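S.K.: What follows is each chain in one-letter form.
Protein chains: 4
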Amino acid sequence: MIGHGFMGAAHSVGWRQAPRMFDLARDVEMAVLVGRSPEPTAQAAAKWGWTESAVDWREVVARDDIDVVDVVTPGFSHAEIAIAALEAGKHVLCEKPLANTVEEAVGMAAAAERAAERGVLAMVGFTYRRVPAVTLLRDLIAEGRVGRINQIRAAYRQDWLVDPESPLTWRLQKDLAGSGALGDIGAHIIDLTQFVTGQQVEAVSGTVETIVTSRPILGERSGLGGTVTAERGEVSVDDVAVFTGRLSGGALVSFEATRFATGRKNGLSIEVSGERGALRFDLEDLNTLRFYDRSAPDEVQGFTRILVTEPTHPYLSAWWPAGHMLGYEHAFTHQVVDLVAAIDAGTAPHPTFDEGLQVQQVLAAVETSSANGSTWTSVVPEPARL
Amino acid sequence: MIGHGFMGAAHSVGWRQAPRMFDLARDVEMAVLVGRSPEPTAQAAAKWGWTESAVDWREVVARDDIDVVDVVTPGFSHAEIAIAALEAGKHVLCEKPLANTVEEAVGMAAAAERAAERGVLAMVGFTYRRVPAVTLLRDLIAEGRVGRINQIRAAYRQDWLVDPESPLTWRLQKDLAGSGALGDIGAHIIDLTQFVTGQQVEAVSGTVETIVTSRPILGERSGLGGTVTAERGEVSVDDVAVFTGRLSGGALVSFEATRFATGRKNGLSIEVSGERGALRFDLEDLNTLRFYDRSAPDEVQGFTRILVTEPTHPYLSAWWPAGHMLGYEHAFTHQVVDLVAAIDAGTAPHPTFDEGLQVQQVLAAVETSSANGSTWTSVVPEPARL
Amino acid sequence: MIGHGFMGAAHSVGWRQAPRMFDLARDVEMAVLVGRSPEPTAQAAAKWGWTESAVDWREVVARDDIDVVDVVTPGFSHAEIAIAALEAGKHVLCEKPLANTVEEAVGMAAAAERAAERGVLAMVGFTYRRVPAVTLLRDLIAEGRVGRINQIRAAYRQDWLVDPESPLTWRLQKDLAGSGALGDIGAHIIDLTQFVTGQQVEAVSGTVETIVTSRPILGERSGLGGTVTAERGEVSVDDVAVFTGRLSGGALVSFEATRFATGRKNGLSIEVSGERGALRFDLEDLNTLRFYDRSAPDEVQGFTRILVTEPTHPYLSAWWPAGHMLGYEHAFTHQVVDLVAAIDAGTAPHPTFDEGLQVQQVLAAVETSSANGSTWTSVVPEPARL
Amino acid sequence: MIGHGFMGAAHSVGWRQAPRMFDLARDVEMAVLVGRSPEPTAQAAAKWGWTESAVDWREVVARDDIDVVDVVTPGFSHAEIAIAALEAGKHVLCEKPLANTVEEAVGMAAAAERAAERGVLAMVGFTYRRVPAVTLLRDLIAEGRVGRINQIRAAYRQDWLVDPESPLTWRLQKDLAGSGALGDIGAHIIDLTQFVTGQQVEAVSGTVETIVTSRPILGERSGLGGTVTAERGEVSVDDVAVFTGRLSGGALVSFEATRFATGRKNGLSIEVSGERGALRFDLEDLNTLRFYDRSAPDEVQGFTRILVTEPTHPYLSAWWPAGHMLGYEHAFTHQVVDLVAAIDAGTAPHPTFDEGLQVQQVLAAVETSSANGSTWTSVVPEPARL
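Chains as they are written, first to last, in the UniProt record's numbering: chain R, 1 to 386; chain A, 1 to 386; chain F, 1 to 386; chain G, 1 to 386.
For chains that are exact copies, the list does not tell them apart, and a pair is met inside one copy or across any two.
Below are the SDA-like pairs computed for lysine to any residue, each with C-alpha atoms no more than 25 Å apart in a straight line:
id, residue 1, residue 2
1, Lys47, Asp27
2, Lys174, Glu275
3, Lys47, Arg20
4, Lys174, Thr213
5, Lys47, Ala9
6, Lys47, Ala341
7, Lys174, Ala371
8, Lys47, Ile343
None of these hints come from the bench; they were simulated from the model. Bear in mind the structure is a predicted one, so any value in this text is a computation, not a measurement.
If we strip away everything but chain R, and leave its shape as in the complex, we get:
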């Protein structure tokens, strides 16, 4: 695994727990953790249970005893590492967003395509697909429980930037982070919408904006924030993105990605309104799904709060009895389970790099639309891919 920040911890839980809670077709060994500085990397490896640590990812990627490379570095380095790993014949799990630019993503998707011909697989870490309630939501749509989809609302609301004096971290700098709320959390709701509907966002009209344009330079980092210094610097990414999308099936989708929704901590939510019913999910109520069934008798229609903890629900039979909650990191375990199953079966794990690229194209279209007075903009597939 390359990288050892917040995502490194979460992915480590996934690799650690998957073989302990599920019956996997392959053994999992947590071999090498790679980081830039030897000491913190060695400490993280020891704590999280990786056998070795290393500082040169190129060497590690070249090793014969490594089968899978898990990339959890910041977005700007994804392309280089993932492509090298695929070319070295390693299966790759790459944290989202696939890359910081469409160009990089195109290169990665091409590398994945070439690798696939040699049986080498690539997967993007849109982990929320594997929250059981989300998977169930997708399944119910696929079964036709909501019928034709008329409208969708998808939002990802956080509030960790509300304080105008919180520091200027790397996530607020375009050269490092690519974009702000749009790429970081907007990517999730685009992927989720496409995942649950099986449709693609084909055009967008949107507005991205930076509410607090300068912030104190970061002193010492801690969590997503840290201490501040007396100097100020420019915030070069967006704080908020609101956009409307058109799905291939015709439905309008209202998107909102924001770090300024006071009181909303990790508020990813989606609501799908269909001709026969509706489904709602909110990540702050992770173990539940709400379903409105228009075919129920009139006098008892309403949103049903399904506690998604039954053994018949996705991934649940491996966990606890009904009514026992799962948490945030369980989806990382499910991601490993699905990846290992795909490797064993030799089939493409979803989301593929092509799917990751397509999300990148939607993000780019939102920025283009915003720069053009929010006018409707097509999500054009890159010619290089045709």
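Fit chains A, F and G to the given chain R structure using the hints.
M.R.: Coordinates of chains A, F and G only, in the frame set by chain R:
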């Protein structure tokens, strides 16, 4: 109408709105409002739309142009007024609890029985039966949607006595109020439980207690409280009653009536657990009912939040389009609607005085049980009634 | 009162209840109900408690014994009636939206301005301003409890058109209704946003669309729907409007008005995210307001569910003790209370016709934006008004 | 670790995750898993990551290289194993309830006392104490945020026995399980109440009962249920226990433990009503705590929904950023963290065996009360302990 406190206002809305929103078989005229002091009574009459006011209820009850007497005075005077009115041939609507003692209630039930032989009808004001979500709850049970009932929880939680320095009003004095939380709000949950199940509480085990035993003497009254004086007096009624009941069908019922549930303002709630499903209602969420249907497909089982505002729901076709909320006093309008329909049809309006008496007997059994170390105590029907 | 549909019933409750529950400075007499056909109008008048009925609104508007004209007809007739009434020296309460077009609204605002010089007042019926929780939300913003506003979400979601075979009523025809979801319910969320913030929407980018473009011709009307015939006709108004607005204070507002949100019956909601806190309201939970206070101690921060039924809350001291719910039509009573107070004081009641015109201008800008690829469009004040 | 059922899996996660997510003062090695049959035990050991497996717990308990013995067998074997382990000088973590009878528990507490003199520690697995929202609830009470406690409601509601044809598992047989809902889940709410208040239940009045008295004999086990055979057997434990307790501080507590609460899957809930505020927790909403603060300004009082995921909340700084949910098994990790810290510090880890014994005494008093017509019964400390 005799009395013009809080209940006087609520009943006045009922009489005023019923003929305006529903198609009644009889015309309603708001004739005379009766109170102890001429001036405040006249003012209330003018404000609430009663044609006349009066101070002598005996005279009014004797008048030929009066058909219905609505008794909304404190409990200790119910028996005298209601019996006189019934004997004068007036239909009577008597606010709950029917009386302060079982003895009085027995007399009233007997009077109602005699009156019924002459076609004169009597009804007790357990108004919450007419909240549409409650009526729907009863209907769904009657249709067998929850199957055999295994357990019930019924609570009425308020918090207006939490402050130990709030004044000693008449509601805290046994000679005036009869009892405290038990008779005032406990009576409601007993009636509600019996109403929705169609069964009777046959035995109880309970504890009633006074948490704050002395309070400042009341200065000037205002709302349910008022200003305080420097003197203190003894609280002679209960603050809290917790009891378990046995229904005629066998189910255990957990009851709680309290004025010390901090943060709960008017928290009447009931949950019925049955073999085929469950139903829940909470008065602080007045327009909704929750229904769990064990016969639904496994993967979508859960509590459905039914918004009880559809035209197919009880009483709703006379009001607004779906999704438009009703409030507290609408149940008083429905009470008038049902009373007028019963008068027109010449059939007994429910709850009858017999039902009111039976609630009184349950209350008495709770007090007896509490006085005897909470031992199980039968709700013995009064011999006088047999 | 001119008109006797759904709004006629609601306004009648307002006129009937206001003097009975509040202490008004003026007496209220429900004089004449005006409709197109003599018989149904007479029936409605009798039922709702209007002394007389009439079919010629011009005659009624000219009568000396009439002080206030309440216009609850469909939007296309508002301008003619309201202007005539104002010119006849009658105070006017006009149901929203002010008119079907900006042009008509301009004329009405001009008439209101002329009337005001003669002490004749005009008010638009954006009734939701008077839901106590909404008024409290506004008050808390005005007190600075949420600080600088960063973002707002305002939605009005209904689902009564989800069935593609529901009939083509007048509300779906442009010549009669002016617009669809946008004008009918979108107008409410625009007004509400401006009301609670004290700011104006200055520019918009939006998309309006018709999901079901043809429907069966209506047979017999019933409620908002009715029976259908075998023929089909074109739906000429929008089903859904999603738009983003820019407030004068700088904040972005996400708006959604839809009749296709399956399972949402009357889901008006608003969430205001500010630098110091946040406030949320949902009409399907009419008696509550949620408040997030960033100045609370860290470990107990969260959204507080305020039950807006305390005597200290707006309008509440005239109603019931704490915890007793109000319903939909109470806001109509509050509207009458405020109108009568304004008439008595001789001051302009809000929302004024100017405010109604401004909402109309926002609606027009949304349609213009939608027609121009959703590009940002200024809400230009009509030159005629300058 | 002795035992490898459901609790074996959960405790294994605790031992596996604690050193990976927290900084522990001692290293943790998962040495030996002990079960009755060699093969399934070996399989469980391999899957869960225990180095060895064994079938003779006595041998294992005697080994020099073992420091801690974790007992997760059914209740009837707790006493024998735990006492032997303590006498062999091993620290013991024993799953709740401490034992099936007060007698056994007395012996265990005595053994723990003797062991403590030699620095050997003993802890009972009332794991829910370590759910962060519960720990926070306790902390807020300790800080005086709710003031004097007036009343408590504590319930544990499940529904896995609602179907009268579900099989007769060992949990429904008195000789194996000790008691039914009372001992299994009632024990949790007794412990929780005492934990959060720092007070003891001193007397009880209660009713325990068996709703379905005979069930089909179990065929093949699966989860908490299994397949059924044609024969039926007697259910010898309770299905439901409702009881009232008196805390040492004077407050009344309403308890309910049931396996017949249709629709409630793992519904442990507690509500503490105090003079200055109230606190509520529900395990089906595991990451939140509700707090009502009577000292807040009147107009914004209400229950605040605290998302207990902030770094300042108990245990949270070791996990994810704010807004990222924890699940059921995280409390088992926290339990290991606290046990290891206690071992390192040489101080008694809570809950001690004395605390476990006291819960057992309350359970026994409930059964005594129930057998005596629900009369109030003191929780007499066992003379043997004095």
